[in-house]
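Protein chains: 2
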Amino acid sequence: MEGYDSSKYEKMSVATDLLVFTVEDDKLKILLVERSEEPFKNALALPGVFVGINETLDEAARRGIKEETGLKNIYFEQLYTFGEVKRDPRMRIISVAYMALVPLKKLDFIAGERTVNAALYDVEEIISSKKKLAFDHKDIIKYARWRLANKVEYTDIAFHLVGEEFTLPVLQKVYEILLGKSLYKANFRKKIAPMIEETEFVTSGDKHRPSRFYRRKKEM
Amino acid sequence: MEGYDSSKYEKMSVATDLLVFTVEDDKLKILLVERSEEPFKNALALPGVFVGINETLDEAARRGIKEETGLKNIYFEQLYTFGEVKRDPRMRIISVAYMALVPLKKLDFIAGERTVNAALYDVEEIISSKKKLAFDHKDIIKYARWRLANKVEYTDIAFHLVGEEFTLPVLQKVYEILLGKSLYKANFRKKIAPMIEETEFVTSGDKHRPSRFYRRKKEM
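Residue numbers (this note's numbering), protein chains in the order written: chain A, 1 to 220; chain B, 1 to 220.
Honestly, the hints are just simulated from the structure, not real lab data. Treat the hints with care, as some may be off.
Which copy is meant is left open, so a pair is good if it fits within one copy or across any two.
[Unchecked claim] In silico EDC-like cross-links for lysine to aspartate or glutamate, where the CA-CA straight-line distance does not exceed 16 angstroms:
no., residue 1, residue 2
1, K86, D58
2, K86, E59
3, K66, D88
4, K86, E55
5, K132, D25
6, K217, E200
7, K132, D88
8, K132, E165
9, K181, E67
10, K218, E38
These figures come from a predicted structure and were not determined experimentally.
Input sequences plus hints: build the corresponding full structure.
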């Protein structure tokens, strides 16, 4: 980056767009807002914030998540940066997309306090529906959906969608939802055994056999 | 991103920094340039270009790779976006890092025509050395090194470092270099068998038993 006259390269706006995922009713859901202004008035959109000149990308993402959900301390990671020239009709905006994964009960807790027009939507429905989303946001959601399905195979990302303590049937269901397919219980348990440890708690088991609660192993 | 007064958010420069990897002398190498100007005069740096206002991120990366290596049509992918506030002492520059992987023989071919002060450096040496690189470029290289080691496990990324036709010992060596460990020949061959197909060619085999050349299966 030397020998370039930076004045020849106009500066751009940079935003973080936020994909807040959770599992509700055995479905992968995403937090979307309905736009009240043009462009794309009334269309669904990812929540997002512009990156301040003295703010890192992670800080902007954290601020946006807090503004939309009231939550601090939730898991998030940078997904991908989208930079099509005409992706926003107003001006050139580079979008650094972030994924956050949060157990539903954390979102439930703050649902009543939400001041913005945000709600949870079924990701598969959003992707397969012909309904247009604002900007390139449907493409961003498709990309994130693909990445989640991949990452669940070789990382512990699914654990962020269950609480700190969980039963194995609940964890398996989250894996199945992210993978989009059923798993054999025995194979699943063998795969995740090295990642988890028992707690002293069991479910009440009034109808079923009681299930033990587990947690993520600390040392991992 | 509504309800925000975009004038409150200053625009920024956006650059693509380029990590061009190859394998030379059984080592993972990266293309670096020596800076001839301040800041970080004489330090090694990743090549990079500013993103033009009418240019996508991928287009900027492709242009940068062509300017540095003369090569078009080589494999590259977006790695990660780095946005620390003070990463460049001159001004706020967001860096969208891209990785390119190229077989050495393609780089050899154009080596004589390079007009810039670029050369190949041993990645492990760069990472373990105390010598400082310009900007946050050593951190970017460390991140890319980690990502390569991960991706080689579950993608076909290693194939981009061998030519279109390759012997299995050569491919195994590339896997080992990226993973940073030796592999058992039988296990390796079992793992990659579904990804490759035989060609009609074999090595001359004057000293060793001749090795067959393989290629990546087309349908994958």
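Hints, one by one, checked against the model:
Proximity of K86 and D58 under a CA criterion of 16 angstroms is satisfied inter-copy only: 14 angstroms between copies versus 25 angstroms inside one chain copy. Taking CA atoms no more than 16 angstroms apart as the test, K86 paired with E59 passes between copies only; the shortest distance there is 14 angstroms, against 26 angstroms inside one copy. When the C-alpha separation of K66 and D88 is checked against a cutoff of 16 angstroms, the pair qualifies neither within a copy, at 24 angstroms, nor between copies, at 28 angstroms. Proximity of K86 and E55 under a CA criterion of 16 angstroms is satisfied inter-copy only: 10 angstroms between copies versus 25 angstroms inside one chain copy.
Taking identical chains as interchangeable, the C-alpha atoms of K132 and D25 are never at most 16 angstroms apart, the minima being 24 angstroms within one chain and 52 angstroms between chains. Taking the shortest alpha-carbon separations for K217 and E200, only the intra-copy value of 14 angstroms comes in at or below 16 angstroms, while the best inter-copy value is 51 angstroms. In the homo-oligomer, the alpha carbons of K132 and D88 lie at most 16 angstroms apart inside one protomer (14 angstroms), although the nearest pairing across protomers, at 39 angstroms, exceeds that limit. Proximity of K132 to E165 under the C-alpha cut-off of 16 angstroms is found in neither arrangement, the shortest distances being 38 angstroms within a copy and 44 angstroms between copies.
For a Cα distance limit of 16 angstroms, the shortest separation of K181 from E67 qualifies neither inside one copy, at 34 angstroms, nor across copies, at 45 angstroms. Within a single copy, K218 and E38 get their C-alpha atoms no closer than 47 angstroms, and across copies no closer than 46 angstroms, so neither meets the 16 angstroms cut-off.
The structure is inconsistent with the numbered hints 3, 5, 8, 9 and 10, although it conforms to all the rest.
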